[in-house]
Amino acid sequence: MSNFNLASLPSSLLHKILSKVATCHLRDFGSARVAFSGFNQIGREEYFYRSEDLLNLNDWIDEANALRKFRLRCYQAGNLEAIYMRVDENLLRGGKPKHTLCKRCTVFLHIRQARRRA
Numbered sequence: 047m048s049n050f051n052l053a054s055l056p057s058s059l060l061h062k063i064l065s066k067v068a069t070c071h072l073r074d075f076g077s078a079r080v081a082f083s084g085f086n087q088i089g090r091e092e093y094f095y096r097s098e099d100l101l102n103l104n105d106w107i108d109e110a111n112a113l114r115k116f117r118l119r120c121y122q123a124g125n126l127e128a129i130y131m132r133v134d135e136n137l138l139r140g141g142k143p144k145h146t147l148c149k150r151c152t153v154f155l156h157i158r159q160a161r162r163r164a
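Residue 156 in our numbering is what sits at position 110 of the sequence shown, and the numbering runs on without skipping anything.
By construction, these hints were calculated from the structure, which means they are not laboratory data.
Computed from a prediction, not measured in an experiment: that's the story for all the values here.
Some clues are possibly wrong.
Claimed, not checked - DEER-style ranges, computed between Cβ atoms: (1) GLN87 / LEU118: 26 to 34 Å; (2) ALA53 / ASN111: 29 to 37 Å; (3) LYS115 / TYR93: 24 to 32 Å; (4) SER77 / LEU55: 15 to 23 Å; (5) GLU91 / LEU113: 13 to 21 Å.
Even for Gly, the Cβ is constructed at its ideal location relative to N, Cα and C.
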């Protein structure tokens, strides 16, 4: 069996792998970025955080600080799910929506969830 080289994979596939790792366990996300420079490069891109799937992100209690930082980075990158989650959390606390994209986020998330079910 020949050796497998991660560097030979297209960046879109590396993005999907790193996204899956981040969704499953944030500690492994950090380890993957340290272990392979291709993952580290993708993990630095704003697009990665903008497109990350936060609805399926596991809340690991022992990694609460890392999870908070990851979600904040996604929010700052303009990830619609992160914006929706922040608005939703604010509304649960009795606040008013602070983000102008709130309605668009809600519509986007409903469409995205419907596509996943199909």
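Verification of the supplied hints:
no., hint, result
1, GLN87 / LEU118: 26 to 34 Å, "21 Å, violated"
2, ALA53 / ASN111: 29 to 37 Å, "32 Å, holds"
3, LYS115 / TYR93: 24 to 32 Å, "18 Å, violated"
4, SER77 / LEU55: 15 to 23 Å, "18 Å, holds"
5, GLU91 / LEU113: 13 to 21 Å, "20 Å, holds"
In this structure, the earlier hints numbered 1, 3 are contradicted, and the remaining ones agree with it.
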